[in-house]
Amino acid sequence: DVKVTQSSRYLVKRTGEKVFLECVQDMDHENMFWYRQDPGLGLRLIYFSYDVKMKEKGDIPEGYSVSREKKERFSLILESASTNQTSMYLCASWTSRYEQYFGPGTRLTVT
Amino acid sequence: QKEVEQDPGPLSVPEGAIVSLNCTYSNSAFQYFMWYRQYSRKGPELLMYTYSSGNKEDGRFTAQVDKSSKYISLFIRDSQPSDSATYLCAMTRDYKLSFGAGTTVTVRA
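Heads up: the sequence lines are chains A and B, in that order.
Here our numbering is used: the first residue of the first sequence is 183, the next is one more, and so on.
Here our numbering is used: the first residue of the second sequence is 286, the next is one more, and so on.
Simulated from the structure, these hints should not be mistaken for laboratory data.
Note that the structure is predicted; figures quoted are calculated from it, not measured.
Hints are not guaranteed to be accurate.
[What the hints assert, rightly or not] For lysine-lysine, the following DSSO-like pairs were computed, each having C-alpha atoms within a straight-line distance of at most 27 angstroms:
no.	chain 1	residue 1	chain 2	residue 2
1	A	Lys253	B	Lys327
2	A	Lys235	B	Lys352
3	A	Lys252	A	Lys237
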């Protein structure tokens, strides 16, 4: 059974703080993704990685960066958190073109 | 204009009713068409996927794709309270998924 875990379920940070969200998958998947989910907007792709140290921008990369030093771990970094980054953040990994396995999500509030 | 449009609902139906969910899309390059189900405070999980136009059945669920009209549907027969969730349509081209906004469905006992 594929497991994708995220470091925190709920997080509260202050404006301007640097925030790290971590994601770990245990199935040796090459491709990993970070999304944010907002009401009425659905899931929007922030960044994805198709191999260690490889990354590509998604549709909304502004204000975010990522790190993938090991195959199983993909981190999302908010360099200077802002209130408009309050959202649900979802990590996913996949091996096929139609199925992504999602983590439980991190609900981030920036005050 | 979004690539994938989905009516966010919400949709409330009595137990046993047929639930009908729809999405339209604009990019003819999409290759796979999926439906994900997301329970409250959980990540989405894949429910069904299709590749070509036509119908695909899995138990009480039927996924329908009409590529000529750029329209996909999900039908849930004999709906149960356990089907209460948010349903997201999704489509792929290359390695990227594009999601609809999600429709929240409540099945009343």
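Problem - Hint numbers not upheld by this structure, sorted from lowest to highest - result: 2
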